[in-house]
Structures are given as C-alpha cells and as structure tokens.
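S.K.: One letter stands for each residue in the lines below.
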Amino acid sequence: MTSISRRSAVLGVAALTAGLALTGCTKAATDSGAAGTGAATAAAKLSVVFIPKNLGNPYFDTSDAGGKKVVESLGGTYSEVGPQQASPDGQVQYINTAAQQRASALVVSANDPKAIGDALNQARKGGTKVVTFDSDTDPQYRDLFINQASPDGLAKVEVDGITKQIGDSGEIAILSASANATNQNAWIDLMKKDLAANHPNVKLVDVVYGNDDDQTSFDKTAALLQTHPNLKGIISPTTVGIAAAARYLSTSDKKGKVALTGLGTPNQMREYVKNGTVNEFYLWNPADLGGLAAYAADALVKGKITGKEGDTFTAGELGDFKVGANQTVLLGDPFAFNAGNIDQFTF
Amino acid sequence: MTRTYAAYAHPLWRRLLLSREAAVVALVIAVSMWAYGNVPYFGEQLTLTYLLLDVTPILLIALPMTLVIVTGEIDLSVASVVGLSSVLVGVLHEGGFGIPAAAAIAVVVGALCGALNGYLVAHVGLPSLAVTIGTLALYRGLAVGILGTKAVTDFPADWTQRASETVGDTGIPTVMLLFLALALGFALLLHFSAFGRGVYDIGLGSEAALFTGVKVQRTKFILFVLTGAVSALAGIFYTLRFGSARGDNAAGLELQVIAAVLLGGVSIFGGRGKLIGVIAGVLLIGVISSALRLQGITVNVINIIIGLLLVVSVVSTPVLAWVSDVAARRNRGTRPTKTPAGVGTP
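Order-wise, the sequence lines are chains W and R.
Position in the first sequence counted from 1, then plus 471, gives you this note's numbering.
Position in the second sequence counted from 1, then plus 79, gives you this note's numbering.
Only chain R is shown next, with the shape it has when bound in the complex (with noise of 0.2 Å):
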C-alpha cells in the first residue's frame, strides 16, 4: 500500500483549502469573474442556463468516468453509447413507445453495453483503453447503422421543453436536479463507502487492493456498467434537447469528457482524484467556452485554449513534484519519502 498518510497530517481546513481541486474550483470563479467584467453578455442569465445545458451531457458522464479512471482504467466508448441510445429513444418512439418507456430501454442498452466493457475488462483482463477503442467503434456503428443518415425529429414537444426548460427564474435548467442527484449517489460512493475505498486501493495497485480483499473484478465491471448506464442517460437527454435522434450525435465527447475529468485533478495513472474536482473541471472548460464563443472567437481558437490548459494541468503536477523535490533534498539532504509509480517524479 502505498497510500500518503502524510496527506493527514495537516488540519481538515487547510488540507481542503490548499488541494488540487480547490485550486480548480477557484479557477472557475476567478475565469467567471474576470468574463462577468469584461466579455459582453457574460453576465446575462441566459449565459448560465445554456452553459449548464451545453455542459449537462459532460457533467453527467464525468461522474462514474472519475471512478472508472481513478481505478486506473478508462472508457473511450461512452460517446457511442450517447449516440446508440439516442437512436434507440428515436427509434422506440417512432415504434409507438412512449417517452418513459423507450428512455427506460435505452438505459439497460447502456448498461449492457457498459456491461461487455467491464466483462472484457474486468474478467477477461483485456486492456480497457483497447477494449473501449474497439466498442467506441461497435456501439457508434450499430446506432449508425440502426437509423443510417435519418433523423428521428417528431417528439413530443412537452418533452424536448422539459430537456432545456429552468427551474423558476433562477436560469438553472431543471435536468440540473438530475444531475445533483446523481452528483451525490457518486459522491457518497466514492468518498463514503468501503466501496469508494476500493476503487481508490485499486488505482494504486490492483494486486495490493486484492490481497487486501478488495473485490477488484466485480468493482471494475460495476464501474463499467454505471458508465454504460449514466451514458445512455445522457443520450437521452440529448436526444430531447435537442429534439433529434441521430446516429452521429455527440460524435467526439468522450475526449471532452475524460479533458475534464484530467482537468479536474484526477490521475489517468489511477489513485487520486475527487469529483468535486472533475464538476470544476466540466464547468471550467464551460465557462472559458461560452466566454470565448461570446468574445466572437471561433471554436479552433477555443479548443486550442483548452488544449493547453489540458496539458498545463497534467504536466504541472510532475513538474511542481520534481522542483520541490529538489528543494527538500536541499534541505534535508536526504531523498524524501519514496513516490508512487506514475505520479512522481520524471
């Protein structure tokens, strides 16, 4: 085990005040601040109701992403599930189901598609980064090939205004409650549960944590599934905001999706990480997105600036290791405490 009980030696509040992810959150606040005074229209409620709605899809497959690569494995296919059950909700539809009933199927499709990842994963031992890349393929090419180069566009419009309506006049879209909900069940099993403390035991050593009774198989699969599941969600909503079934929807949003949960202060190595950290991260590149589409800056430029902030972020911790690593060799003379593989020091 190589967990850093010196992480504790220090009093909750400064701990809390001084980690890596209060760094992220106050980055938030201080982009926010800065684009209220100086962008345009910033400052409108309009701006928050269609950042949180841009960002709802991201925000919701952060959640159980965080945990699937805190156990130090990821998921390159959650996007095609997006895709797939968004053609599936059209599709149901189009058949005759009610919105409920088709938006019910389309979550267990998720779950079973999360649930082939975390059999290929967990019990068959394959690499999940080839393992995903293959099922970001298969998923993507089966909701392509269900509704070829169609649309489903005939919802129900009291659905698609449930999808972007807000609650009262505070601008905050409904799906939001959704989102907090889920926000808590995620928190409370990652940060609260023995459960949460395996997936952490396994991103620092999945042998460790099975020598130490970790269930480490049936954590992996059910991280995989809760992927699978949350993604189709995510579809759904999708679907009805923007009132179209395609097969092509959300094309790319995993890279959006795992940026964020990097950006967040999460480990791609495994181990470390909060959520709260990755739902700054989400609103983060939410923020400088809308601030940046609002200056008039075109979506190259913008995703030029997340990029290296991406790589700033990831490269900082390293970086900032190593130099204070320097410093305490320095002044002990001595090497310090040794680090874990993959976080440490270059």
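The shape of chain W in the complex, shown without the other chains (with noise of 0.2 Å):
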C-alpha cells in the first residue's frame, strides 16, 4: 500500500472515531441522569428474566412464552436472553448481565450444573432470586428448582396407559434408551413393581435397548415383534426411542395391533397420531412449566415464599404448590398427548 493511500485510509477512521467520540460525550451528560432513574424503578417492580439452554429451541419457545404470559399478567417486565449454542460460559455472561441489571428474578435452564454455580451466587448476592427449571444446578445454587416430573409420576402413567390401551392383559416389551441410562432405569424398574402389584394378567417379556440412536431403535423394534409374536404393547420411555419405533409400526402389518407409548415431543410425534400408529403419549407441557416457573419467581421476590421445604404459593390457573425435598416444586402428572389436542403444540 502506498503512504498516500495508508494515509487517507487513516484519516478517513479517524475522523469517523472523532465523530463518533464527540456524540459519545455529549449524550454521556445529558443521558446519565435517565440512566441512574432507570434502575431505581427497575429495582422496585418485578423482572424476570428467562435464560433457556439455548435461544431458537422450539421447546423453550414454549416454556418461556408460557413463563412471559405469566410476568406480563403480573404486571411485570419479562425478557429473555441467551446463548446461540447450549454452552454453559455463553449463559453466564447474560446471568451476570442481568445481575447488573439488577433483575428481580432469574429463570435458568442449566447448562451445567455446576459452571454456572458461582455466577448465580453472586446474582443472589446482589438480591436477584433464582429459579431453575427444565434443568437443575446444584441446589447450593438456585432458590427453587421447578422440576418437570417425578419418577413415579412419569412410570405409573405409561404404565397405565399401555395397561389400559391393551385391556390389561397381554405380553408388553420396553424400548428404553442406553442400558446404563440412570433414569431410564430408574423408571423401568418402577414400572416394573407398579406392574407386579397392580396388573398381574400383564406380562412385561423383554427390556431392549435403542441407545437413543434412531436407526438402532428401528431395528431394535422390528426385532421385538419378530422375537414376540403376541406382543401386545410397547412403552418407548425416550423420544428417540418412541419416534423410532412409531416409524417402523407405522408401515408395518402390527400398525394398530401393537399398541405403543411412553415420552415424545408433539413434532416428532404428530404424524404418528394422527395416522393411528400411536394413541396417547406422555410428557409435560413447557409452557405450563414455564409460567410455573414465572409464578414461583414472583412468589420468591414478593416475598411470600423463601423456598424452603414446606411453603407453598399460588400459581394461578396452574393450582397451589408446595416446596418439597432439595427446594424442588413439582409441575404435576405428566401431560398427555393425543389427536385431539397436539396441534396446540409446536415442540
């Protein structure tokens, strides 16, 4: 590059800079004082600010529109930032921005339960309340933890669907994900004992395991009908799991015959129903979890609940609520999906 053109080029920045630097200070003067009304206002009325795993998650759409409904009925502000991609460093730089901001309420879903820990700490510190939901941090960390589903609640209601979708007898299998999956284990083995003492026509001959992989769950299915021609249901307690398994029932001959449920998302899920595959399956609704989360936020900052076990707060349309064990709020039985009310949802 020559000088002539380095110079220009230079001078041409430099005045730009010098511009932009000059309106810099005078707005400073005369912005200051609307800055510092700003955030005593904002201290003294309810925001709440959602932070999901990661921004353009359809199931977080859901869970916090449904958590925005319920600021805004509140008459507070409600906002919602976060991460591009699922990390926990990207949700610490907004949880210690809202901080700043001197949020009233923060609710998270945790990336990590952990990495996140001591900027949430130091939120509270500043009198910002939080709430996890969806996914928890460690309990040192967080006010409340909104908590989707119990076990029991998840394995007693596919237990009881499948059980009454095949007339109560009849030889079922399970499709479970990874064979040291801690939860899904967990829950097989209350399915188990729930179908030992109340359904004992009801034969469970088979536990297979599709590693939340799509095409080993297809294959894992197609080779459970063959292994088992009675069979008469299958409870799927993944979403992997039961999508997979709709797909093969659905062009096969047991279309119908077999029956199947257990945990899926209504976008994976849709055209199973809707095509008479699949009748009901379970999971929660996020948008009810979200405004749970919401109403528990603004029961912590009006002061009306310290989130210790026993107390217990309103949650509008949603019911009363009590804080059990670890200061964790059930969100309730699991929801069910079927034909008629799966296209409300977009997850």
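If you're looking for bench data, these hints aren't it; they were derived computationally from the structure.
Take these hints with a grain of salt, some might be off.
As the list claims (entries may be wrong) - Computed cross-link-like contacts, EDC-like style, restricted to lysine to aspartate or glutamate with a CA-CA straight-line distance of at most 20 Å:
| # | chain 1 | residue 1 | chain 2 | residue 2 |
| --- | --- | --- | --- | --- |
| 1 | R | Lys229 | W | Asp623 |
| 2 | W | Lys703 | W | Asp639 |
| 3 | W | Lys596 | R | Asp248 |
| 4 | W | Lys596 | R | Glu123 |
| 5 | R | Lys229 | W | Asp684 |
| 6 | W | Lys793 | W | Asp639 |
| 7 | W | Lys663 | W | Glu642 |
| 8 | W | Lys793 | W | Glu780 |
| 9 | W | Lys703 | W | Asp724 |
| 10 | W | Lys635 | W | Asp665 |
| 11 | R | Lys229 | W | Asp683 |
| 12 | R | Lys229 | W | Asp639 |
| 13 | W | Lys596 | R | Glu244 |
| 14 | W | Lys773 | W | Glu751 |
Said to hold, decoys possible - Which residues of chain W face chain R? A partial, calculated answer using Cβ under 10 Å:
| # | residue |
| --- | --- |
| 15 | Ala557 |
| 16 | Pro559 |
| 17 | Arg573 |
| 18 | Ile587 |
| 19 | Asp589 |
| 20 | Gln593 |
| 21 | Asp609 |
| 22 | Thr698 |
| 23 | His699 |
The beta-carbon is built from N, C-alpha and C at its ideal position, and this holds for glycine as well.
Make one complex out of these two single chains by using the hints.
M.R.: Listed below in structure tokens is the structure:
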C-alpha cells in the first residue's frame, strides 16, 4: 500500500472515530440522569429474565412463552436472553448481565449443574432470586427448582396408558435408551413394581436398548416384534425410541395391533398420532412449566415464600404448589398428548 | 522486497497517531465513553471485571494468532486445543494430579498440538487453512472422546476463585497480569527482534524472505507451537473460571479470535498488523457485546453487529486505498507506486 492511500484511509477512520467520540461525550452528559432513574424503578418492579439452554429451541420457545404470559399478567417485565449454542459460558455472560441490571428474578435452564453456579450466587448476593427449571443446578446455587416430572409420575402414567390400551392383559416390552442410563433404569424399575402390584395379567417379556439412536431403536423394534409374535404393547420412555418405534410400526402390518406409548414430543409424534399408530403419549407441558417458574419467581420476589421445604404458593390457573425436599417444586402429573390436543403444540 | 519505506517518511508521532491501530484504539475509547453515558450499569466496576474475564481467552490466543496471520498463515484449531486442554486438566485432576501439574501437562500437550500443525504447514508445506480445519476436528474429537458427555467440576475452590479474583479494589482480574506479561513478550518478539522482522518478511513474500536469510520453516513452526501452548493456557483459565472441564468448552472461539485479529488491523494476506491494534480489536468486541447485552439485546443481534463491523473494517482498507489511488492519479497524472499483492487496489 502506498503512503498516500494509507494516510487517507487512516484519516477517514480517525475522522469517523472522532465524530463518534464527540457524540458520545455530549450524550453521556445529558443521559446519565435518565439511566440512574431507570435503575431505581427497575429494582422496585418485578422483572424476570428467562435464560433457556439456547435460543431458537422450540421447546424453550414454548416454555418461555408460558413464562412471559404469567410475568406480564402479574404486571412485571419479561425478557428472554441466552446463548446461541447450549454452552455454560454463554449463559454465564447473561447471568452476569442480569445481575448487573438488578433483575428481580432469573429463571434458568442450566447447561451445566456447576459451571454457572458462581455467577448465579453472585446474582443472588445482589438480591436476584434464582429459579431453575427443566435442568437443575446443584441446590446451593438456586432458590427453587421447578421439576417437570417425578420418576413415579412418569412410570405410572406410562404403565396406566399401555395397560388401558391393551385391556389390562397380555405381553408388553420396553424399548429404552442405553443400558446404563440412570433415569431410564429408575423408571423401568418403578414400572416393573407397578405392573407386579397392580396388573397381574400383563407380562413384561423383554427390555431392549436402542441407545437413543434412531436406527438402532428402529431395528430393535423390528426384532422385538419378530421375537415376540404375541406382543400387544411397547413402552418407550425416551423421545428418540418412541419416534423410531412409531416409524417402524406405522409401515408394518402390526400398525394399530401393537399399542405404543411412552415419552415423546408433539413434533416428532404428530404424524403417528394422526395416522393411528399411536393413541396417546406423555410428557409435560413446557408452557405450564415456564408459567409455574414465573409464578414461583414472583412469590420469591414478593417474599411470599423463601424457597424452604413446606412453603406453599398459588400459581394462578395451575393451582396450589408446595415446596418439597431440596427446594424443589413438582409441576404435577405428566401431560397426555393425543389426536385431540396435539395441534396446539409446536415443540 | 515490497516493504514501503514511504511509510517512514513522516515523523514518528504522526505515524503513530494516524495509524490504523490508533483508529481502533480511538474507537474502543469512543464506544466505551458512549456506553458509559448511555447504557445503564455500564459504568459499574463489575462491568470491567466481567468484560475482561469474558475476553481473556480471546486476548490470550489473539497474541500468537496475530503473528501467525502476519506470516500469511492461519490456525483454526485453537478453540479445539482450548477444549482438549480443558479436558486434560479435568481428567488429570480427577486422576489425583494437582492443578499446577495438570496445567503444565496441558500446556505441553497444547504445544505438541501446535507442533503437529507447524510440522504439516512449515515442513510438509501444506496450506494451513486445510491442515488446521483437519486438526480442529481432530483435537475436538480427542477432547470429546476422552471425557464423553460428562463434565469434571470438582475443582478446588481456591483455584476457581483465583481465576476470577481481581487485583485489590481495581476491578481488574488478576489474570490480566498474566496477559500483560505475555503481551509484553509477544510485542518484544514481533516488534523489536530479528525474529519479528522475519515474521513480517514472510508475510510480504515467503520466497523473498527465504532469500534474504529468514528461516521461514523454523519461524512458522515456532509460531504454531506458541499458538498451541497459549491456547492450552487459555483452556486452563477457561476451565478454572467456570469450574467445569467439558469436551465442548470454547467451541467456536477460533472465529472470535480471528475476527478480533482482523478487526485490529492485521491483514489476512499477511505482512501487516500490530499487536496493539489486535488488543484494541478484542476489547472493541468485548465492549460492544457487553454494552449491547446490558441494553437487553440478544446474542443474534450482537453477532450481526460485530459481523458487520468486521466486514466494514476489512472492506474499508482496499476501498479507501482505491479512492486515494484514483485521487492521486488525477492529481499527478501518473500511476502511484505499485502496491503489494493482496492489500492494494481491488
């Protein structure tokens, strides 16, 4: 580059910056008062910041929309910020920001149970209440956790669903995720106990593992149906498994003859509910989850509860809730999705 | 040799004041002052602390990355080395190593990662873009492979606190001292040593540099090793700051580092750029992100703004050069001196 071109390039940029700097100075003088008053009013009012695992995730779009409705109905200000990728460091930046803004409450789905802990505690020191939902942190980093479902509730609703559909007698099987998935195994144990105690004519003949892989789950479903020709029902307590099993069943001659239920998401299951492969499947309603988190945040901010075990609060149309062990509030029974309501959900 | 001695035709103060680097520094000051007056809470000391902690990994890696880009090469594998070093610190800590020992091993592994890049680029002669895209996947794969989807989080509290503590009441994180020491080292290396002059010569023309006695292969190799080692250092800081070693830590960080280096006035074609501009470039991105976040603006919009800023800054150089070229031709009626390949007229 020639000296001439460099000089003029630099002059241009320098002029631009000088201009920016000047406007910056003048504005600074006039606006600083306004900024100060803004801070004072924000502290007095309910302001809830939702931090999902990542933005643009349909599940959190649904849950946070539920939260927004509640926060606004309570007269507070709602905002949703978060990282693009589900990373803890991205969340930390937004937690720090919310703490500086003196937000009255944070509602977070944690990307890591510990990595965002220091940032959350820093925010709490400044008076911000912290509610986790969907995915918890270690208990020492938050005031409350809104739990979407209890293991007992999930196990029971799936057993009730399948036994109802097969007339409470016959062979069933379970298509799980991986053989060492802690939550899956806990649910399967609870299902076995429930079956033994309450459904003596229903026989669990097999538990197979699709490793939460679509193709493996698909193949395992095919194998199950071949090995057990009298099979009347399949429970798949994993969203990947149930979708793969539904895809296999919908194209096989067992469609409508072998019942399938479990935990799934409306977007993955819509097609199979509409074509009659699946009657009903379960999960929680994310909008209710977000709404309950917002009510809990409000109750904490207004001092109605402190988050200790035994505290009770009212969450509008969702009803009354009680804080359980480990400062956890349970949303309630799982939500049943079927042909009648599936089109109301977009996650 | 195409070094422009015309650049030395003006007095020192004028060259310093009217440089591209001075423009970026001025922009940082201008944006900070604007934010100080207009963005609620930006004036708080905490903003400074968080801002510096957030940009520390980028600041650290940008130092050696500047030298690599000045030679006309690039290293895209840095964020993967951060991830790998984070995982190593975690796994070694779990295995009973103390943090200093685990950190030392991680830095050595980082240097080895850099050495592999450097060997393939400098000695085998492969293009660094291709090599480091490959090692980006390779090192990230190793990181995720070692730890899987789990995270190591039980780091001793005194170490995690050390990562975010500040110097007295200044609000400046202690880790800045480490950065300043490294920055001083790299500045001496690039701007005040024969090695550094070689770095620029390679960027202006690798073959010409070779003929003038610059050890091209050795220089490039050393730069990649340094980049690997410093990336590992950033990984250790990252791990301790968040108290979490994960295989996916710092994914995508390489683009932020390269964006900041280019914003700071380093030519992607090599041969031109100063560390002070790069440091200002990193801070500029940090200040803008921090101010916009405090305004309640979401990450997508922030990325759009920083992306636009980067495009404008990269495009401005040839456009302004073209404008002055046209002007000079009109004034003199002759073509001005030839510009080196890549940085001249479009």
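S.K.: Each hint should be assessed against the structure and marked as holding or not.
M.R.: We went through each hint and held it up to the structure:
1. R:Lys229 x W:Asp623: Violated - the C-alpha atoms of Asp623 of chain W and Lys229 of chain R are around 26 Å apart, more than 20 Å.
2. W:Lys703 x W:Asp639: 10 Å, holds
3. W:Lys596 x R:Asp248: With a Cα-Cα distance of about 18 Å, the restraint between Lys596 of chain W and Asp248 of chain R holds, given a limit of 20 Å.
4. W:Lys596 x R:Glu123: Measuring from Cα to Cα gives roughly 16 Å; hence the hint holds.
5. R:Lys229 x W:Asp684: 18 Å, holds
6. W:Lys793 x W:Asp639: Violated: Lys793 of chain W and Asp639 of chain W sit about 34 Å apart, past 20 Å.
7. W:Lys663 x W:Glu642: Holds - the C-alpha atoms of Glu642 of chain W and Lys663 of chain W are around 13 Å apart, at most 20 Å.
8. W:Lys793 x W:Glu780: 8 Å, holds
9. W:Lys703 x W:Asp724: Within the cut-off at roughly 13 Å; holds.
10. W:Lys635 x W:Asp665: 14 Å, holds
11. R:Lys229 x W:Asp683: The given pair, whose Cα atoms are some 16 Å apart, holds under the 20 Å limit.
12. R:Lys229 x W:Asp639: Cα-Cα ~40 Å, so violated.
13. W:Lys596 x R:Glu244: 16 Å, holds
14. W:Lys773 x W:Glu751: Since the Cα atoms of Lys773 of chain W and Glu751 of chain W sit roughly 40 Å apart, the hinted pair is violated (cutoff 20 Å).
15. Ala557: 9 Å, holds
16. Pro559: 6 Å, holds
17. Arg573: 8 Å, holds
18. Ile587: Nearest chain R Cβ about 8 Å off; hint holds.
19. Asp589: Given a least distance of 7 Å, the restraint on Asp589 of chain W holds.
20. Gln593: Status holds, d = 9 Å.
21. Asp609: 9 Å, holds
22. Thr698: 31 Å, violated
23. His699: 32 Å, violated
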